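S.K.: Sequence:
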Amino acid sequence: MFGRLTHLAIDLIAISTILAGVKKATGFAPQTDHIKDTSIRHFLESYFSIGDTVFGMVCGYVVNSGYFRQDRRLGGGGKD
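FYI, the numbering for the sequence shown is -27 to -1, 1 to 53, going by mature numbering (1 follows the signal peptide of the UniProt record, and there is no 0).
To be clear, the hints were calculated from the coordinates, so they are not data collected in a lab.
In this text, all values refer to a predicted model and were calculated from it rather than measured experimentally.
Be a bit skeptical, because a hint or two may be false.
[As the list claims (entries may be wrong)] Now the in silico label distances, taken between C-beta atoms and shown as ranges: (1) Y40 with A(-14): 32 to 40 Å; (2) V27 with M(-27): 18 to 26 Å; (3) K9 with G39: 45 to 53 Å; (4) R45 with H15: 20 to 28 Å.
Built from N, CA and C at the ideal position, the CB exists for glycine as well.
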């Protein structure tokens, strides 16, 4: 039971992180303002903010890691 809950939690965080990446890359985000129930809207906004946080942490790791380098063909101008 605990293993299934852990797996579900990791899956939900992964989905939220993917949506945060889509938001960062394209500017498109789920429209929570169309949800009339304030408690559900607040829950979803909190859920999406978890993905934003995880995405930011992953990006911070990648930028400062020696295992990744920036592909200049994509037009970036960061450090090597």
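S.K.: None of the hints should be skipped; say for each whether it holds.
M.R.: Evaluation of the provided hints:
no.: 1; hint: Y40 with A(-14): 32 to 40 Å; verdict: 20 Å, violated
no.: 2; hint: V27 with M(-27): 18 to 26 Å; verdict: 25 Å, holds
no.: 3; hint: K9 with G39: 45 to 53 Å; verdict: 49 Å, holds
no.: 4; hint: R45 with H15: 20 to 28 Å; verdict: 42 Å, violated
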